[in-house]
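Here are the chains, one letter per residue:
Protein chains: 2
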Amino acid sequence: MKIELPEVVKLLKEHDNFLILCHSHPDGDTLGCGFALARALRSMGKKANVKCEDNIPRKFSASCEIIEEQDFEPEYIVSVDVADTKLLGENVQREYGDKINLAIDHHSKNADFADYLYVDASAAAACEIIYQIVCELGVVITKDIADCIFTGLSTDSGCFRYSNTTPRTHYFAAKVMECGADAAKINRIMFETKTKEYAILERMVLESLKLYCDNKLAIIAITQDMYKTSGCSEDECDGIASLPRQIEGVLAGVTIKEKKDGKFKISVRTYAPVDAAQICSKMGGGGHVRAAGCQLEGTLEETINTIVENVKEFLV
Amino acid sequence: MKIELPEVVKLLKEHDNFLILCHSHPDGDTLGCGFALARALRSMGKKANVKCEDNIPRKFSASCEIIEEQDFEPEYIVSVDVADTKLLGENVQREYGDKINLAIDHHSKNADFADYLYVDASAAAACEIIYQIVCELGVVITKDIADCIFTGLSTDSGCFRYSNTTPRTHYFAAKVMECGADAAKINRIMFETKTKEYAILERMVLESLKLYCDNKLAIIAITQDMYKTSGCSEDECDGIASLPRQIEGVLAGVTIKEKKDGKFKISVRTYAPVDAAQICSKMGGGGHVRAAGCQLEGTLEETINTIVENVKEFLV
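Sequence order for the protein chains is H and B.
Just so it is clear: in the first sequence, position 240 is 240 by the numbering used here, and no numbers are missing.
Just so it is clear: in the second sequence, position 52 is 52 by the numbering used here, and no numbers are missing.
No wet-lab data here; the hints were simulated from the structure.
These numbers were taken from a predicted model, which means no experiment stands behind them.
Hints may contain errors.
The following label-pair restraints were derived from C-beta to C-beta distances [what the hints assert, rightly or not]: (1) Asp235(B) to Glu313(H): 51 to 57 Å; (2) Lys312(B) to Phe72(H): 51 to 57 Å; (3) Glu69(H) to Ile66(B): 44 to 50 Å.
Computed far set for chain B versus chain H, every beta-carbon distance over 12 Å [claimed, not checked]: (4) Asn55; (5) Val176; (6) Leu209; (7) Asn215.
Backbone N, C-alpha and C fix where the C-beta goes; we use that ideal spot for every residue, glycine too.
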């Protein structure tokens with residue numbers, strides 16, 4: 001059942017012993033939401049843990065510091081920034097997928113899997129929603145909570161650069177900075193710092209860049225070989241999907257990442273009027289209007305052909 | 001004489017027939033200031049022109065749209081974002097350098113060349129000051145003015161990423177977005193769009209990257225040959241100076257650009273506690289604590305040696 005913000009706040013106040021679920025392959029927004037909300041609930045004297053299928057990448061440890069797990073039986077299960085239970089990852093989905101009481105999300109196409117659903121698709125980051133919830137709960141926003149929320153705001157908006165950024169995103173960023181969020185440090189870790197290995201990989205990827213469809217479609221590919229040669233690990237490469245769209249005139253930028261099992265993870269980034277979610281849903285995936293994804297199988301060449309075939313009709 | 005903001009507003013209200021001077025090699029902040037202030041003064045029924053020694057790079061034309069020159073004899077000369085008259089460029093300095101009535105700036109080391117000087121070094125962009133001035137003047141912030149101010153805020157703060165960004169920077173960004181600033185478009189042009197020529201140059205530059213001083217100093221060099229080979233023009237390369245500092249562990253990133261006359265323009269970007277302004281002042285230049293510059297002569301090898309010699313003592 002879809003509900004509004006005051007009801008979300010009421011449900012959180014009424015319940016205790018929370019398990020907060022983040023999506024797998026966690027990013028700054030789902031982790032920022034999870035740890036900010038858990039800290040807020042704990043500061044109200046409640047118990048709350050955060051669960052994620054995958055390990056938390058090192059770069060998030062500074063801002064979304066993992067909190068010590070509390071010992072209790074979960075009574076109220078909340079998902080944050082999770083559009084579909086299959087995004088929870090296999091194990092978490094199996095254990096909790098059909099038991100989620102409340103979903104807090106900013107994906108317009110949330111699969112509506114929880115007892116209660118609050119979606120605000122105008123939020124650049126789900127952390128914009130969590131900021132409002134934390135305020136409404138009457139919780140004092142500590143530096144820890146502020147850091148979590150800033151991490152979500154900043155990472156999901158591409159450091160306030162993407163078109164999803166609204167005045168509200170900036171207002172909330174200002175507010176959490178005033179509460180002590182170390183914006184400069186977080187942005188430095190999220191956006192400025194490259195390992196030497198990543199710099200090498202980026203150079204290799206740039207060399208693989210090819211243009212299609214009258215230079216409106218740019219495709220890059222990262223193979224398992226490239227990870228090996230550069231020494232760069234896969235979870236360091238989240239930012240790379242923004243590269244192909246950066247070429248002047250490109251309306252759709254596609255990143256192909258070869259996974260360990262040989263399948264390809266596809267990330268699509270677009271500029272208006274090209275709809276990334278539409279493109280990816282044609283290939284069995286989904287997402288946002290400017291950033292979406294899907295998975296493809298076959299050889300790299302076949303995969304590129306599939307992408308070009310599916311993207312070209314959107315570029316006319 | 002140093003003055004405060006209310007006196008700046010009073011001076012602008014009292015006078016007419018303004019000539020507003022931007023610094024040479026104009027960036028988004030000096031142009032944003034110039035055109036926002038000129039538009040604001042014109043909307044009050046006053047006459048105002050903007051002057052810059054150099055042509056305005058194409059990428060600024062969308063946000064800081066050049067306004068039609070008005071025909072009048074300048075009576076009150078205002079510089080914006082100009083730390084020293086030598087930064088006006090040779091011709092503008094010769095004509096107006098000793099006639100500047102009011103300097104509005106955010107460089108703490110402003111050379112104090114004007115009759116009246118207002119410096120707010122806490123402003124990430126001089127456009128933060130101009131926003132306040134425009135509000136105090138009682139001017140309605142049109143979309144044109146909002147676009148100019150957003151351009152300055154965004155470009156001088158590295159799209160809200162650098163450590164100079166404060167809550168106020170975000171608040172003002174929110175305000176001008178509410179007045180119609182097309183933030184997504186401006187950020188796209190300023191930060192996301194690379195020409196194919198620039199992408200080629202960037203690849204060449206990354207290959208030139210070398211690390212010194214225990215990997216704490218990274219140096220890249222752009223030669224005139226690289227401009228020729230890539231087809232990339234010099235004024236497209238402003239953003240490249242942020243590249244070397246991005247390598248993990250690097251505290252000082254230095255960009256060497258060979259100019260047409262064979263001299264080298266040096267840009268230094270640092271992380272705390274390394275002071276870029278101190279480093280550059282040792283080499284005859286200056287700037288901000290995290291971003292500064294100077295000029296060197298000699299062979300490329302000599303230049304690199306000079307830089308390593310001057311930087312290394314700051315890295316211990």
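Verification of the hints:
1. Asp235(B) to Glu313(H): 51 to 57 Å: 37 Å, violated
2. Lys312(B) to Phe72(H): 51 to 57 Å: At 55 Å between Cβs, range holds.
3. Glu69(H) to Ile66(B): 44 to 50 Å: 60 Å, violated
4. Asn55: 20 Å, holds
5. Val176: Label violated. Min Cβ-Cβ 9 Å, cutoff 12 Å.
6. Leu209: 7 Å, violated
7. Asn215: Incorrect as stated: the minimum Cβ-Cβ distance to chain H is 8 Å, not above 12 Å.
The earlier numbered hints that this structure contradicts are 1, 3, 5, 6, 7.
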